[in-house]
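Q: Take the sequences, apply the hints, and build the full model.
Chains as they are written, first to last, in my numbering: chain H, 191 to 338; chain G, 191 to 338; chain U, 191 to 338; chain X, 191 to 338.
Possibly wrong hints are sitting among the right ones.
Calculated pairs, DSSO-like style, for lysine-lysine (alpha carbon to alpha carbon, straight line, at most 27 Å) [claimed, not checked]:
1. X:K305 to G:K305
2. U:K305 to G:K305
3. H:K305 to X:K312
4. G:K305 to G:K193
5. X:K312 to H:K312
6. H:K305 to U:K193
7. U:K305 to G:K312
Note that these hints are calculated values from the structure, not bench results.
There are 4 protein chains.
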Amino acid sequence: MNKSAAGAQAQALAEAVAASMFARDPASQSLGMSIDAVGPGYARMSMPIRADMLNGHQTCHGGFIFALADSAFAFACNSYNLTTVGAGCTIDYVAPAREGEVLSAAAVEQSLAGKTGVYDVKVTAQDGRIVALFRGKSHRLSGAVIAT
Amino acid sequence: MNKSAAGAQAQALAEAVAASMFARDPASQSLGMSIDAVGPGYARMSMPIRADMLNGHQTCHGGFIFALADSAFAFACNSYNLTTVGAGCTIDYVAPAREGEVLSAAAVEQSLAGKTGVYDVKVTAQDGRIVALFRGKSHRLSGAVIAT
Amino acid sequence: MNKSAAGAQAQALAEAVAASMFARDPASQSLGMSIDAVGPGYARMSMPIRADMLNGHQTCHGGFIFALADSAFAFACNSYNLTTVGAGCTIDYVAPAREGEVLSAAAVEQSLAGKTGVYDVKVTAQDGRIVALFRGKSHRLSGAVIAT
Amino acid sequence: MNKSAAGAQAQALAEAVAASMFARDPASQSLGMSIDAVGPGYARMSMPIRADMLNGHQTCHGGFIFALADSAFAFACNSYNLTTVGAGCTIDYVAPAREGEVLSAAAVEQSLAGKTGVYDVKVTAQDGRIVALFRGKSHRLSGAVIAT
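A: Written out as structure tokens, the structure is:
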């Protein structure tokens with residue numbers, strides 16, 4: 191198989207894994223997330239901020255911003271069809287976000303060595319401003335996400 | 191005012207702030223969280239894990255564990271009635287949690303200097319096992335949470 | 191062996207491991223660190239701030255505060271005589287420290303499940319003020335630190 | 191002043207600030223660090239691993255890897271000649287490094303909003319492998335680093 195065919199296969203696998211994971215992920219679904227793009231070591235998801243996602247300061251509760259970033263991280267780190275879980279994460283809030291805005295989270299693999307990976311997720315609003323920066327550390331378990 | 195009276199007043203203020211914040215926090219409410227205890231620099235909250243909180247691995251999505259810890263952190267760091275927001279957080283997942291379990295998050299102030307505080311939140315399940323360890327950094331804005 | 195004898199044995203093992211690790215740790219030695227206390231899942235170390243540890247702001251370079259905390263973390267997480275390395279850490283700087291001050295770092299185990307542990311390290315100055323809060327995540331490798 | 195001239199001026203300022211900071215930074219000097227490149231919101235530094243930087247596992251003590259990353263972070267976030275300090279950092283160790291290797295740390299600004307910035311630092315060895323990923327959060331104080 192040449193390089194281009196291998197790339198296309200990796201891309202197809204990433205998409206199949208994402209579709210399967212999303213179908214059995216009530217959390218991401220009930221939060222209104224959608225998968226905008228996925229590839230090997232990469233995922234981009236979006237989520238509109240609903241009224242029930244606001245905190246006492248009338249801005250989006252950090253937990254929902256985190257959940258969006260965490261889901262993008264999960265889809266990126268499982269994209270090779272090797273079951274992988276989050277071991278730990280950090281998030282830095284850069285700017286508040288408000289009801290009606292649509293947040294986008296792009297997860298990019300920074301390193302993958304042995305069973306451990308590091309993924310950076312940038313959460314932005316539609317006007318391009320950065321809302322949060324998330325870093326997730328992944329740990330690969332045994333087993334595949336989907337049968338191939 | 192003697193020390194005991196000051197303590198009682200600080201406790202009453204923490205409770206009043208928490209009640210007001212919770213009343214206008216649709217996120218914490220819609221996730222089924224409840225405030226179990228609150229005091230100066232302290233808060234303990236709980237949340238049952240619902241079916242719609244599960245991820246593709248059929249364990250509680252990290253975003254909801256984070257949201258519970260983040261809410262406990264928010265109530266703890268606003269307990270002095272000085273408007274305070276989260277600036278950044280880290281979470282380490284220690285053990286998975288499953289549908290039907292009730293998670294408890296206890297937020298304890300570790301340091302508070304100038305406008306910046308550090309709070310540790312331990313998330314445990316009913317059997318006592320640690321599910322996650324969260325650390326939040328707070329930043330005080332101007333203004334009070336409630337009128338006194 | 192009764193409980194008390196087991197505790198004494200664990201304590202003796204922690205001390206023997208620490209002595210061996212410190213003897214072959216040029217970094218901690220050259221930085222002037224000393225081990226003040228060690229036990230199962232616990233270590234406390236101290237380090238005087240020297241002139242060559244100052245940064246451009248004439249306060250202790252964060253790297254040396256980190257190094258002290260990181261060493262205390264290493265001695266705590268290797269105290270069971272199971273070779274363990276740091277997988278990742280976070281540090282929050284709470285107050286600056288100056289030349290001549292002696293910093294103390296106390297590392298306490300927060301959780302240990304499977305091969306992974308979480309340790310919190312509080313770095314304080316002699317006047318009791320908190321200088322930094324560090325959290326280390328450990329990963330156990332195979333093998334023992336010392337022959338027993 | 192046209193855009194190109196403004197860029198050249200910002201670059202010259204970043205270099206002047208870096209030279210001044212480095213001259214009064216005994217920590218970075220005594221650790222054998224050198225500044226390889228600096229610019230607005232950017233710095234790259236390197237450091238050879240010496241025998242006295244090894245830990246009990248005969249790999250580079252995490253504190254020195256951290257110190258290199260932390261210095262690159264400091265030079266990057268002070269590059270606008272606005273006095274800025276680190277508020278908190280995270281580091282994830284990806285691969286061990288050994289005596290004689292030369293580590294390189296490249297710090298890149300990810301966001302800067304108000305007084306707070308986020309900088310990512312990638313620490314690599316000469317063979318290109320990633321040794322550690324560091325993220326620093328900066329806080330701007332009042333005052334300039336150098337008189338202009």
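Q: Now tell me, hint by hint, if it's right for this structure.
A: Hints, verified against the model:
Of the pairs offered as hints, the one joining K305 (chain X) and K305 (chain G) holds, with about 13 Å between alpha carbons and a cut-off of 27 Å not exceeded. Under the criterion of a C-alpha separation no larger than 27 Å, the hint pairing K305 (chain U) with K305 (chain G) is inconsistent with the structure, at around 37 Å. Note on K305 (chain H) and K312 (chain X): the hinted pairing holds, with a Cα-Cα distance of about 20 Å set against a maximum of 27 Å. The straight-line distance between the Cα atoms of K305 (chain G) and K193 (chain G) is roughly 24 Å, inside the 27 Å bound, and the hint therefore holds.
About 17 Å separates the Cα atoms of K312 (chain X) and K312 (chain H), which keeps this hinted pair within 27 Å; it holds. Pair hint K305 (chain H) plus K193 (chain U) does not hold up; C-alpha atoms about 38 Å apart against a cutoff of 27 Å. The hinted pair formed by K305 (chain U) and K312 (chain G) meets the criterion: a straight-line CA distance of about 20 Å does not exceed 27 Å.
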